[in-house]
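Protein chains: 2
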Amino acid sequence: MAESTPPPDDAMRRLQEFLEGHGYDLATMKNVLEVIHPADLAYLIEDLGLEEKIKLFEMLGPEIAATVLSEVDPRTQAELVEHADRGKVSEAVGKMEPDDTADLLERAAPGQEATLLQNVDARHAEQVRQLMQFAPGTAGGRMTSNIVRVRDDMTAGDALGAIQGSVEAEMLESIFVTDPDGRFRGVLSLRSLLRAAKPTPVATLMDPHVSTCRPDERQEAAARIVAREDIAALPVVDEAGMLLGVITHDDVIDVIQEEAIEDLFKIAGTGGEVSARDPVLKRVFVRLPWLLPTMCGSMLVGWLMNHFSGPLGARFAVVSCFIPIMMATGGNVGLQCSTLMVRGLATGEVGPGRVMRTLFAESRVGFTIGAICGLLTGLSAHLFNSDLALGAIVMVSMWVGVSVAATAGTLLPIICTRVGVDPAISAGPFITALNDLTATVIYLSIAQAILT
Amino acid sequence: MAESTPPPDDAMRRLQEFLEGHGYDLATMKNVLEVIHPADLAYLIEDLGLEEKIKLFEMLGPEIAATVLSEVDPRTQAELVEHADRGKVSEAVGKMEPDDTADLLERAAPGQEATLLQNVDARHAEQVRQLMQFAPGTAGGRMTSNIVRVRDDMTAGDALGAIQGSVEAEMLESIFVTDPDGRFRGVLSLRSLLRAAKPTPVATLMDPHVSTCRPDERQEAAARIVAREDIAALPVVDEAGMLLGVITHDDVIDVIQEEAIEDLFKIAGTGGEVSARDPVLKRVFVRLPWLLPTMCGSMLVGWLMNHFSGPLGARFAVVSCFIPIMMATGGNVGLQCSTLMVRGLATGEVGPGRVMRTLFAESRVGFTIGAICGLLTGLSAHLFNSDLALGAIVMVSMWVGVSVAATAGTLLPIICTRVGVDPAISAGPFITALNDLTATVIYLSIAQAILT
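Protein chains in written order, with the working numbering: chain A, 10 to 461; chain B, 10 to 461.
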């Protein structure tokens, strides 16, 4: 988990009262720490000054320190690793989950690895090394290898014994079955194990029809399988069929949250996620590139207006007043369509066999919305200016512009998916700029053809 | 789960091949059904015609039929309940999870309840009735009461026996501890149970410091606690402290997905979620209201242009060409800021104690972006028209407009949260329309003041 999440208000209030009233008194602190969840502590510690961060962190027991170190933002994590007592840090790392340790090491300065891993036992260190082979964002980079494994030639009684011997595993409710060479065979639920007689062979109890994924698959694809099948964990299996680890439901929750936020940020054109604690200039330069399509598109609209202002002469003043509504409505309808399409593709609501049908349906919706908006705008153009020709031009242009925007907004994410580009990138500023421009060209061309 | 999610392409291909090659031959069907996940079947069945839907559904065994009936979209669910063989439907309902049964009954026609529940045993029916007391969207409406419960005066040995006796529970890894009256006391993990000696009292093994939620709390709030604390289930406890049920991780995944999509749809202004199978007019009228703020805002921009075209006279043609870039850039920066703020508030990254700091930081970012965009646009206005005054007007207007848009975009979601309105609703079309208008007023006012 890269980012801590919010504490309930009462935990916050209690810690603030504590910090104000008691100072850093170890005895009182211990009492307060018992009632505050480590996830809250992680949130609170992010807001402290460097010195206070270190002080508070060094007061924590190793278990709580491990959770805090796993959950604070990367910036605070780096500060703690660099400035807090080395013994305290390596003690906390010794209690962390292998996947969190791998994340920490990937961000740590080179050469720190040995110090950080000094309290980590050999099995844990081996798991960390295995996880670090896979790129962040892949299933392999997210999986845990801390699971209960049994061989398919065992009995139910043996499997119950294996659980007893692996109580530190991340999940006990699913037991993962391999052949004697380590090739994945199926999943044995604790439920069926408890129902079975002890001599029953594991091979007859397990479910062999289980979805799996490859370690180099994108983590979103793995998360989607878990969400779809309502399973607690997804086995990660390499090309030779060897069981490497599993992706558990808590990682799936993180991935799904991250993915939904990424899509939203791409569609709204905000660039990557930045923290409020990042310097202003960094945040400016993350966002500026996303403004470029908008600025270029609308500058071209301005150039078009300039181009048409000569031929339209005295009527340009009145005609130009309807450019904002053409741009804004076309852009808005296009954004509606592209957003629905991007999410439909991401959640699978628009899956195989439904793409073309959705495209035609969205075009019909756009055509109808265009007709309604065209009637409304055309009518007000006519009433406001007592100009029937202008009203008709506005009506037809709006109708055509909105229909085109709806079709383009639906089509672009489909094309992006086909050619392997992330459809969310196309859905926001790019499609809006394109639709602004198209709507203006259509309107000014029709106006020039009829009015001059 | 309200909506089925996508099947992997190979499952899809296999079923399509089957449907084309074999027709509805029961023997072959059985073989195919064994390799296709029921979640895929739910997706596939949604796309069939009514008659085929019924035929396919009636071929399924009760277990698979139960999953399919739980996972198809509400429209297909209603069709199956109404038209498929009553015995088959009630058999499937008998195998469904209580929370899915409650969802089904809430959507079913009045009077159907008795028929639908005829194969449901008394305990399941009681759980369904309890769940239906709570509104959809609340923690109570999402929880399951199908859990392992033990009393705090039991021993570890008793608790292991209780698990053996409740193997049908939705989760076995967490055991929920109450006092003899049913008041919630804590959670006992299977891990600590397996580590303990059999005579150890449950009260000393359980974790009493566990987050809980009330049944009438919003499901998003409950999901956020589970995501934050990386727990497998959250106990739902009433005012008297009685344990009613728990929210499990698979429901949390659904809630988080739904919430992220809702926020996205509000920000992109698409209205509620609609299915591609809904009639065109329904989808048009879901989306039209979200276009109104945009259309009203941009019509007012047009009215303003008309208002200023007189005083600006011959210079209006040139001045008006920069209105699109003012509107588009202001609108885009405002959308960036409001999106970041809405998600920050939703995930808790902008939690207690960070709101004002984020507002000031975002305003500084907006001020800097405004300065850069102002310089670029002002320079091109000057170069393109050889008009230093126009260049200066464009530069200053862009700077002020973008700064105001950034501040307004950040502030509006904060105000909405304070007064209890969903901030996501304010973040999309409303703030964009407001910023379009503000940017135009600023620009045209400055232009008029200097050029006339």
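Incorrect hints may have been included.
Identical chains blur together in the list; that is why a pair holds if it fits in one copy or across any two.
Unchecked claim - Okay, derived cross-link-like pairs now, DMTMM-like style, lysine to aspartate or glutamate, Cα gap no bigger than 25 Å in a straight line: (1) Lys97 - Asp190; (2) Lys207 - Glu177; (3) Lys104 - Glu182; (4) Lys64 - Asp216; (5) Lys104 - Glu268; (6) Lys62 - Glu106; (7) Lys207 - Asp263; (8) Lys291 - Asp130; (9) Lys291 - Asp188; (10) Lys62 - Glu88; (11) Lys62 - Glu238.
Keep in mind that the hints were calculated from the coordinates and are not lab data. Bear in mind the structure is a predicted one, so any value in this text is a computation, not a measurement.
Original post:
Which of the listed hints are broken here?
Top reply: 1, 4, 5, 7, 8 and 9
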